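Taking the hints into account, I'd like the entire structure generated from these sequences.
Number of protein chains: 2
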Amino acid sequence: MHTVRVNLGPRAYDIAVTSNDPSGVGPFACRCVPKSTAAIVIGDTNVESHVQRVREQLAANGFRTDTSLVPAGESSKNLFSAAFLFDKLADMTADRQTLVVAVGGGVVGDLAGFVAATYNRGLPLLMVPTTLLAMVDSSVGGKTGVNHPKGKNLIGAFYQPAGVWIDTAFLTTLPDREYRSGLAEVVKYGVILDHELFAFLEANVAPILARDPTAVRHIVARSCRLKADVVEQDEREETGLRAVLNYGHTFAHAFETVGGYGAWLHGEAVAAGMVCAAKLAERLGRVGPELGDRQAKLLEAFGLPTTAKPEWGVDTLLDVMRRDKKAEAGKLRFVLPSRLGHVELVGDVPERVVREVLAECQR
Amino acid sequence: MHTVRVNLGPRAYDIAVTSNDPSGVGPFACRCVPKSTAAIVIGDTNVESHVQRVREQLAANGFRTDTSLVPAGESSKNLFSAAFLFDKLADMTADRQTLVVAVGGGVVGDLAGFVAATYNRGLPLLMVPTTLLAMVDSSVGGKTGVNHPKGKNLIGAFYQPAGVWIDTAFLTTLPDREYRSGLAEVVKYGVILDHELFAFLEANVAPILARDPTAVRHIVARSCRLKADVVEQDEREETGLRAVLNYGHTFAHAFETVGGYGAWLHGEAVAAGMVCAAKLAERLGRVGPELGDRQAKLLEAFGLPTTAKPEWGVDTLLDVMRRDKKAEAGKLRFVLPSRLGHVELVGDVPERVVREVLAECQR
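One line per chain: the protein sequences are S and R, in this order. Residue numbers 24 to 386, in our numbering, belong to the letters of the first sequence in order. Residue numbers 24 to 386, in our numbering, belong to the letters of the second sequence in order.
Don't read these hints as lab results, they were simulated from the structure. None of these values were measured; they are calculated from a predicted model.
The list makes no distinction among identical chains, and a pair is therefore deemed to hold if it is satisfied within one copy or across any two copies.
Pairs of lysine to aspartate or glutamate residues, derived as DMTMM-like cross-links and limited to a Cα-Cα distance of at most 25 Å, are as follows: (1) LYS58 / ASP257; (2) LYS354 / ASP114; (3) LYS354 / ASP89; (4) LYS111 / GLU97; (5) LYS111 / ASP342; (6) LYS173 / GLU97; (7) LYS111 / GLU79.
Next up, the structure:
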C-alpha cells in the first residue's frame, strides 16, 4: 500500500492507494477516526455492492452502520438530495463523531462531503472513490458541494476528509467511457505540473487503457501527490496557486452547464476545455503550437473529445464563463500553459480572443 | 467607537461597537473587505428600514448593491430560505468578492451567514446585528446554520465574518420582550466567565432596562470580548473550551425544539435553561443554592422566565437532549457552574438526575 500524506496542519490526512484489498478499509477507518463508533455509508445505485461491502468491513471493525443510496448521476447532486441525507442522519441520531463514508464517484463524494461539512457544523468524512476521476481529483483536496440550476458546484464548502481509501480494484467494473474520462484529469496534472508524468502517459497508453494495476497505481498515486502539493500551499483557493488545478475547467464548466449536467462526463468536458485553453494560450502568444498538438494527440489516444459541440452558442457559453468562480467582477480569467508542466493564472483576457477560440473549437 | 478584535490568524476580524453612527457602516465595510465592489444586504421584514439605510451607506461608498428580505421569525431559518437566497445571488451574478451583509437578529445572521459560507464555497460576510441577542451572541464567533425539523441549527458551518458592525441605536426600536431576551445571554457571560459583569448587571438593572447607551455599550462590548476570548481559543468547538458558551443551552434547545421554534424567544429558553443547569449543578453537589438564587433573582428582575412549561413531556425533552450536538454516543453532557464566573463541561450525567431537574423546573 502506498500512502500519500496531505499536510494541512490540524486537518492533515492520509490517502491510501492500494489494489484489491477489500478488508483494508475497516482498519484504515479506525485509524483515521479513532473516536467514531457509528458510520453512514453513502453511495449511488451504481455502486450498491461496493457500499454493502464497505459497510460489512466497517461493521466487522466495531462500527454501528447504516447506508443510504441516491440515484446514480449528476442530477443527484443538488440541495434536495442533501436534504434527504440530512433527514437520514437525523433519523439515525447522528452526533459529531458519526462518520460519513462516501463510496462512489465525484457526485457522491461532493454531495456526501457537503452533507458531512454542514451537518452539525461538521462530521468526520472518509472518501472511498470508486471511479478514476474521483480517485485522482474530487476525493482529494476538500472541495465539496452541490449544483445550482445557474452553476455547477455553486453551493458548497471547503472541508477536508479524515482519510481517503483508494483501491484500484474498484476500477475493474467501471464503464470504459468513465475510465477514459478520469484519464483527462491525469493528463491535466501532466500539463500543469509534471512533464515526466505527461511523457509516462504518452509512453504507456496501451497498459493504461488495459487498466494494468501497476500502471494505474502509479498514475493515481502521482496525481494525488501532485494535487496534495498544491492543496497544501493553497487550501482554500486564496493565493491563486490552487487555481492551476482549474486548467481547462472554465471552458469545461461552461460546456457542462450549457450542455446540461450529464450530457458530457466531467473528464470529457475537461478534455475539450484543455484543448480550448491551449488554443487560447497559443493565440495570446504564450506557447507555440507543439504543446496543444501533443496534448490533443494524447487525449485522442485516450478516446477523449477535443472539440466542443457546435450547437452551444458562443454567447451562452461566455455568459456562464463570466459567472465562473474564478472570474472577478465579471472579468474573464484563465489558467494557461507557459510550457509543458507549467501554467499561470492569466487575468483580463480579451473577450474577442475567447470568442475566436470557442468558434474554432466548435468546428 | 470601541473596537473588539477577534484574533483568529488569517480569519481575524473587528467588532465595532458604537452608538448612533448610521454613516459609519460604509467606511467600516470598505476597511473590512477592500476588494469587494458588490454587496447584497439581507434582512427580514421587521428591519426593512435598517436594510435600506445600510444599503444606502454601502452605495454611497461605491458598492453595487442589492437587497433581499425574508419573512421575520425563526421559521425563515431553513433550507428553503437558503435556497431562495442562493437563487438571488446567482441572479446578481455574485462572485467570490461579493459581500453578504446580514442586517437583523440571530435568524438573519445565522441564515445569511450559512448562505455566505456555502455560496461559491464562501463569500465575505459583514454582520450588522440589530437585536441585543445578535449583538452579544450570534453575530460573534462564526456559527452559521439553519434549522431542521429534528433539531435547531442542525445544518450549518463554522464561518467567520469579515467584520461586525454594532450600533446600539438599532436597539431603540427593538420590542421590549426581545431586548429582555438578549439580556439572558449577557447574564450567561457573567455566570460562566465574569463575576464582575454579573455584579454590574445586578447593580444596574434600571439603567439597563431603560437602554441607557453607556450601560448598553458596556455590557455589549464586554460580552463580545468575553465571547471572542473563548472563540479565539477554540474556534471550532473542538477542545471543549468553547462549549462553556453553551451553558443552559442543552436545556434551552430542548425547550425550543419541543415547544416549536418561535414559542419562546431564544433568550427566554436560555434563561429557563440556565435555571435548570444551576439546579442540576446543585443536585450534583457542584455548587450551593446561592448561585442559583442570585441567577434566578437577576433573570426575574429582567423579566425572564425561570420555569419550563409543564405540558412539555420529560421523555420528549430528554430525547431531544440526547441528539444535542454536545452529546457523544447518546450520553448527556452539560456545562455546569462550579462558582460564579466559572463553569465546566460535565460528561455522563445520570439521566435520573436530569429527569428530577426537569420535573422540578416544570412546577
